[in-house]
Amino acid sequence: MDSEPVLAINIAKGTEMVYAAIRYVFCGIVFVVGYIIVRKSKIIKKKRAYILLVSVCIILCSAAHLFPAENLFIDFNSPEDVFWYTCSGEILDITYGDDSCMVYYSEGNSKYAHSIMPKSAAGYKIPSVFSVREISNRFDQDGAFNVFSVTKTNDYYVLGTFFLYPSEIDVYNGDDEKVEVDIKRLDDSPFMYFFLEDYAEGHYLVADGTKIPLAQR
9 MDSEPVLAIN
19 IAKGTEMVYA
29 AIRYVFCGIV
39 FVVGYIIVRK
49 SKIIKKKRAY
59 ILLVSVCIIL
69 CSAAHLFPAE
79 NLFIDFNSPE
89 DVFWYTCSGE
99 ILDITYGDDS
109 CMVYYSEGNS
119 KYAHSIMPKS
129 AAGYKIPSVF
139 SVREISNRFD
149 QDGAFNVFSV
159 TKTNDYYVLG
169 TFFLYPSEID
179 VYNGDDEKVE
189 VDIKRLDDSP
199 FMYFFLEDYA
209 EGHYLVADGT
219 KIPLAQR
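For the sequence shown, the tail end lands on 225 under the numbering used here, and the numbers increase by one without skipping.
Hints should not be assumed to be uniformly reliable.
As the list claims (entries may be wrong) - So the derived label-pair ranges between C-beta atoms look like this:
{"#": "1", "residue 1": "V62", "residue 2": "E176", "range": "53 to 63 Å"}
{"#": "2", "residue 1": "L80", "residue 2": "S49", "range": "27 to 37 Å"}
{"#": "3", "residue 1": "P198", "residue 2": "K55", "range": "46 to 56 Å"}
{"#": "4", "residue 1": "N145", "residue 2": "D206", "range": "18 to 28 Å"}
{"#": "5", "residue 1": "Y58", "residue 2": "D106", "range": "45 to 55 Å"}
{"#": "6", "residue 1": "P198", "residue 2": "S128", "range": "30 to 40 Å"}
{"#": "7", "residue 1": "Y173", "residue 2": "L100", "range": "16 to 26 Å"}
{"#": "8", "residue 1": "I51", "residue 2": "F199", "range": "26 to 36 Å"}
{"#": "9", "residue 1": "V33", "residue 2": "S128", "range": "45 to 55 Å"}
{"#": "10", "residue 1": "A28", "residue 2": "D106", "range": "23 to 33 Å"}
{"#": "11", "residue 1": "T161", "residue 2": "S70", "range": "45 to 55 Å"}
{"#": "12", "residue 1": "Y58", "residue 2": "T218", "range": "53 to 63 Å"}
{"#": "13", "residue 1": "S70", "residue 2": "T218", "range": "20 to 30 Å"}
{"#": "14", "residue 1": "D101", "residue 2": "S175", "range": "42 to 52 Å"}
Since the hints were derived computationally from the structure, they do not count as laboratory data. No residue lacks a Cβ here, since even glycine has one placed at the ideal position from N, Cα and C.
Please build the complete structure, drawing on both the sequences and the hints.
Have a look at this one:
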């Protein structure tokens, strides 16, 4: 049973990248404090100490990005709150799973990205290095296709870019049964994405009559 959240918050739009800013400030404070300590210390080889200090700050900053401490005491009320706290850009679409969601957004200059956010009973969480795993990455003559799984759930997200522009796309399981999914496409581009429950290696796409396995070769 999930524990009660210590804090549930709403994040106002316009506060993008607070997540990164907090980490840079934290690492900056650690560096300044460490610099003062080394400078006032009786260490003979201070140059080595400064190099070690910089290395420690880099490691701390990287770890803080990969393992968000906020997840221990904060639950976000919506995917938008997580996005405005951690990312920068314009939300184009949100695809909801059973225990997660995927935010697809524009970074500007025709650049697009996605963020898969886990969900607890109390709210949404910041993605970490362990919360989402890429289980298949397929690239062949038909296009590029990726399958992501959300840890400790049956939620899967499929993203793909076709080399051609198929007009009709369907999803089938290993028993050749059609799977009802909501396939989304970026305008009239060859890019598509969708939520899939209980993915198995036998799943495949049929795009304008062409069978395209999703599993990595």
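Evaluated hints:
no. : hint                    : result
1   : V62 x E176: 53 to 63 Å  : holds (55 Å)
2   : L80 x S49: 27 to 37 Å   : holds (33 Å)
3   : P198 x K55: 46 to 56 Å  : holds (54 Å)
4   : N145 x D206: 18 to 28 Å : holds (20 Å)
5   : Y58 x D106: 45 to 55 Å  : holds (50 Å)
6   : P198 x S128: 30 to 40 Å : holds (35 Å)
7   : Y173 x L100: 16 to 26 Å : holds (19 Å)
8   : I51 x F199: 26 to 36 Å  : violated (55 Å)
9   : V33 x S128: 45 to 55 Å  : violated (27 Å)
10  : A28 x D106: 23 to 33 Å  : holds (29 Å)
11  : T161 x S70: 45 to 55 Å  : violated (26 Å)
12  : Y58 x T218: 53 to 63 Å  : holds (59 Å)
13  : S70 x T218: 20 to 30 Å  : violated (42 Å)
14  : D101 x S175: 42 to 52 Å : violated (20 Å)
Violated hints for the displayed structure, listed by number in ascending order: 8, 9, 11, 13, 14.
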